[in-house]
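Next come the chains, spelled out residue by residue.
Protein chains: 2
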Amino acid sequence: MSALIEKRTDSTGNAELKKRIAPDILRIEEEMRSDLSSLSGQLDALLLEVLHYGLFNGGKRFRPLLAVLAARLSGKADEDVFRMAIAFEYLHVATLFHDDVIDGAETRRGKPAVCRAYGTAAAILAGDFLHARSMAIIGEMGGVEALKIFSRATSGMVDGEFLQLRNAANFNQAEQDYFAVVTGKTVLLIAATTEIGSLYGGGNDSNRQALRNYGTNLGCAFQIIDDLLDYLGDQKNTGKVVGNDLVEGKMTLPLILAMQRAGQKDRDFLTRILQRPDTRRKCFRDVVDMIDKYDGFTDSRSKAEELVKEAESELEIFQLSEQRKDRTVLEGLARYVLARNK
Amino acid sequence: MSALIEKRTDSTGNAELKKRIAPDILRIEEEMRSDLSSLSGQLDALLLEVLHYGLFNGGKRFRPLLAVLAARLSGKADEDVFRMAIAFEYLHVATLFHDDVIDGAETRRGKPAVCRAYGTAAAILAGDFLHARSMAIIGEMGGVEALKIFSRATSGMVDGEFLQLRNAANFNQAEQDYFAVVTGKTVLLIAATTEIGSLYGGGNDSNRQALRNYGTNLGCAFQIIDDLLDYLGDQKNTGKVVGNDLVEGKMTLPLILAMQRAGQKDRDFLTRILQRPDTRRKCFRDVVDMIDKYDGFTDSRSKAEELVKEAESELEIFQLSEQRKDRTVLEGLARYVLARNK
Numbered sequence: 001m002s003a004l005i006e007k008r009t010d011s012t013g014n015a016e017l018k019k020r021i022a023p024d025i026l027r028i029e030e031e032m033r034s035d036l037s038s039l040s041g042q043l044d045a046l047l048l049e050v051l052h053y054g055l056f057n058g059g060k061r062f063r064p065l066l067a068v069l070a071a072r073l074s075g076k077a078d079e080d081v082f083r084m085a086i087a088f089e090y091l092h093v094a095t096l097f098h099d100d101v102i103d104g105a106e107t108r109r110g111k112p113a114v115c116r117a118y119g120t121a122a123a124i125l126a127g128d129f130l131h132a133r134s135m136a137i138i139g140e141m142g143g144v145e146a147l148k149i150f151s152r153a154t155s156g157m158v159d160g161e162f163l164q165l166r167n168a169a170n171f172n173q174a175e176q177d178y179f180a181v182v183t184g185k186t187v188l189l190i191a192a193t194t195e196i197g198s199l200y201g202g203g204n205d206s207n208r209q210a211l212r213n214y215g216t217n218l219g220c221a222f223q224i225i226d227d228l229l230d231y232l233g234d235q236k237n238t239g240k241v242v243g244n245d246l247v248e249g250k251m252t253l254p255l256i257l258a259m260q261r262a263g264q265k266d267r268d269f270l271t272r273i274l275q276r277p278d279t280r281r282k283c284f285r286d287v288v289d290m291i292d293k294y295d296g297f298t299d300s301r302s303k304a305e306e307l308v309k310e311a312e313s314e315l316e317i318f319q320l321s322e323q324r325k326d327r328t329v330l331e332g333l334a335r336y337v338l339a340r341n342k
Numbered sequence: 001m002s003a004l005i006e007k008r009t010d011s012t013g014n015a016e017l018k019k020r021i022a023p024d025i026l027r028i029e030e031e032m033r034s035d036l037s038s039l040s041g042q043l044d045a046l047l048l049e050v051l052h053y054g055l056f057n058g059g060k061r062f063r064p065l066l067a068v069l070a071a072r073l074s075g076k077a078d079e080d081v082f083r084m085a086i087a088f089e090y091l092h093v094a095t096l097f098h099d100d101v102i103d104g105a106e107t108r109r110g111k112p113a114v115c116r117a118y119g120t121a122a123a124i125l126a127g128d129f130l131h132a133r134s135m136a137i138i139g140e141m142g143g144v145e146a147l148k149i150f151s152r153a154t155s156g157m158v159d160g161e162f163l164q165l166r167n168a169a170n171f172n173q174a175e176q177d178y179f180a181v182v183t184g185k186t187v188l189l190i191a192a193t194t195e196i197g198s199l200y201g202g203g204n205d206s207n208r209q210a211l212r213n214y215g216t217n218l219g220c221a222f223q224i225i226d227d228l229l230d231y232l233g234d235q236k237n238t239g240k241v242v243g244n245d246l247v248e249g250k251m252t253l254p255l256i257l258a259m260q261r262a263g264q265k266d267r268d269f270l271t272r273i274l275q276r277p278d279t280r281r282k283c284f285r286d287v288v289d290m291i292d293k294y295d296g297f298t299d300s301r302s303k304a305e306e307l308v309k310e311a312e313s314e315l316e317i318f319q320l321s322e323q324r325k326d327r328t329v330l331e332g333l334a335r336y337v338l339a340r341n342k
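Protein chains in written order, with my numbering: chain A, 1 to 342; chain B, 1 to 342.
Chain A on its own, in the form it takes in the complex (with noise of 0.2 Å):
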């Protein structure tokens, strides 16, 4: 089953996309330290230490860097373009802060996460602020449009989470609700950062719409790969114990796809464990191999696949030559999600 979250792409693949993508992540960075910077002596030293620890966090700055290339690919590629995209960030950052006080979060990539190293208040506080910062970076940078699109996805994310409250006493979900709680989470944001990116690059409709959809195949095989990644995957890599998903009783795709096939003995077998909290971590083995054996992984796998490749579709309408170098990057970040293990 690891073949699941193994590297697919060769390794000399990822290298060169990590090396085209250097300097990008790079110039993101610094755009961040100096956002900050300009902030001091304005703002409270504490709330900047709080900043500066949950931002610079080994963080992959996936979000920015999907909106400087879609803005590129879109035809700008003037250097303000980092001012606009660590807005996607903050508002990523933002939401961590307030869901590890809700989930009672111990680490963050393995660092204490920010309501234990500086406590609730802090957290949320400082989550406000970086809600409200990334907001005004995107009006200020994208206009009143793009602002609309920014704060769709936000009045998204939490309704999201909503329909994850309401359905977490709900072992029996369709694939439906799965992925209606996955576009409020995760999808909704990136395809705003892509469709924002496009916005800001002058993109014409159908540009946006291209990429909009890029980022909704995208964030949806992301978020699929990442709930896989909490059964498969492997600690020294991820950073993360496997199986909280199922411990916290998060029915995810590869659980929603056993619970639908298992014949009633199985069917009753998985709902006594996630019916009982104390029983999960001690069974996470046994719901492995049911999972398992009604093709959960696999089939969660392939639905993955089969968005990536409609993310990679998308982007068959830029092909001018100057378009080239950009799209290759996208195309290679999809596939790079297919191949995380991490």
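Hints are computed from structural coordinates only; laboratory data are not their basis. Note that the structure is predicted; figures quoted are calculated from it, not measured. Among the hints, a few may not be true.
Any copy will do: because identical chains look the same in the list, a pair fits if it lies in one copy or spans two.
As the list claims (entries may be wrong) - In silico lysine-lysine, BS3-like type, Cα no more than 30 Å apart, as pairs:
#  : residue 1 : residue 2
1  : Lys293    : Lys60
2  : Lys148    : Lys76
3  : Lys148    : Lys60
4  : Lys293    : Lys19
5  : Lys18     : Lys111
6  : Lys293    : Lys111
7  : Lys60     : Lys265
8  : Lys293    : Lys18
9  : Lys19     : Lys250
10 : Lys18     : Lys148
11 : Lys325    : Lys282
12 : Lys250    : Lys18
13 : Lys60     : Lys309
14 : Lys76     : Lys325
Fit chain B to the supplied structure of chain A, relying on the hints for placement.
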């Protein structure tokens, strides 16, 4: 001492003010209801329920009313002003949701706080939703410039909360420490409300500046009276037990003044109480007497009166006969801040 918080304007004045603002308050509430209605179907039912619960809770709608009045005084009296105005209530309520989580509050306006009625996750997320929606509305109705003022206020609010966290164990504060916290927590949003109102209403630079200054002075006076009520208020009117600020070790103006002015013996007495959280509730009456001894209450009250006078004087530039009505209401609201007992 209770005279300090008794109604200073004659009750006819207040009744007249209430009658004048009633139609606007009604329109503001209608606009909020119609906004939430427009979301039903799109939003999770539980999220909508939380929003209804938290928004329709006997709020005075002070902030949106100020926005409407500032817009009208600056020249525009259309119906869309109410849509713009509700953003200020949304942001205010978003901060209440989060504050109640941070403070572990049990109740808000006599009902269980959102975090008690629906849980921490719901309170954080619904706050995030209102925050996002408020910024989207401001961007849509007021454009990028309004958004900039608005998000400066939001950032300042977070900054003020951090300052308060950091000052928590400092019992020897200066007046300016108090005003720095108050500016972040209350004043910036009220000043943004009247300034954005004026901007929306097409006010010129001096209109905008005057209305911003009005908001600054009013907000400051408002907070001072709020802090006085925490010592001297009557629970029958305020719905709150007195003494919470002292119990939480919060240094507000009356206590700061007393600490500054007290002789060594009295200061040591107050410090001992502040240093031992378990003694604070028990010693509340002693602290009240001590603050009174050093004129902490009367001088705080005088400061608020001075600020209200300054707020009123900012309105003097609005001399046109068609401005008289709204100007009179804004003057009445400023005086009401001094007269309020809840």
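Checked hints:
When the C-alpha separation of Lys293 and Lys60 is checked against a cutoff of 30 Å, the pair qualifies neither within a copy, at 34 Å, nor between copies, at 60 Å. For the homomeric pair Lys148 and Lys76, the shortest alpha-carbon distances inside one copy (21 Å) and between copies (24 Å) are both at most 30 Å. Within a single copy, Lys148 and Lys60 get their C-alpha atoms as close as 26 Å, and across copies as close as 29 Å, so both meet the 30 Å cut-off. Proximity of Lys293 to Lys19 under the C-alpha cut-off of 30 Å is found in neither arrangement, the shortest distances being 40 Å within a copy and 71 Å between copies.
For the identical chains of this complex, Lys18 and Lys111 are intra-copy neighbours only, at 24 Å inside a copy versus 54 Å across copies, given an alpha-carbon limit of 30 Å. Taking CA atoms no more than 30 Å apart as the test, Lys293 paired with Lys111 passes in neither setting, with 36 Å inside one copy and 51 Å between copies. When the C-alpha separation of Lys60 and Lys265 is checked against a cutoff of 30 Å, the pair qualifies neither within a copy, at 43 Å, nor between copies, at 58 Å. In this homomeric assembly, Lys293 and Lys18 never come within 30 Å of each other (Cα to Cα): the closest approach is 36 Å inside a single copy and 70 Å across copies.
With identical chains, the CA atoms of Lys19 and Lys250 are never at most 30 Å apart, being 36 Å at best within one copy and 53 Å at best between copies. In the homo-oligomer, the alpha carbons of Lys18 and Lys148 never lie at most 30 Å apart, since the shortest distance is 32 Å inside one protomer and 36 Å across protomers. Proximity of Lys325 and Lys282 under a CA criterion of 30 Å is satisfied in neither setting, with 49 Å inside one chain copy and 71 Å between copies. Within a single copy, Lys250 and Lys18 get their C-alpha atoms no closer than 33 Å, and across copies no closer than 51 Å, so neither meets the 30 Å cut-off.
Proximity of Lys60 and Lys309 under a CA criterion of 30 Å is satisfied intra-copy only: 22 Å inside one chain copy versus 54 Å between copies. Proximity of Lys76 to Lys325 under the C-alpha cut-off of 30 Å is restricted to the intra-copy arrangement: shortest distance 14 Å within a copy versus 51 Å between copies.
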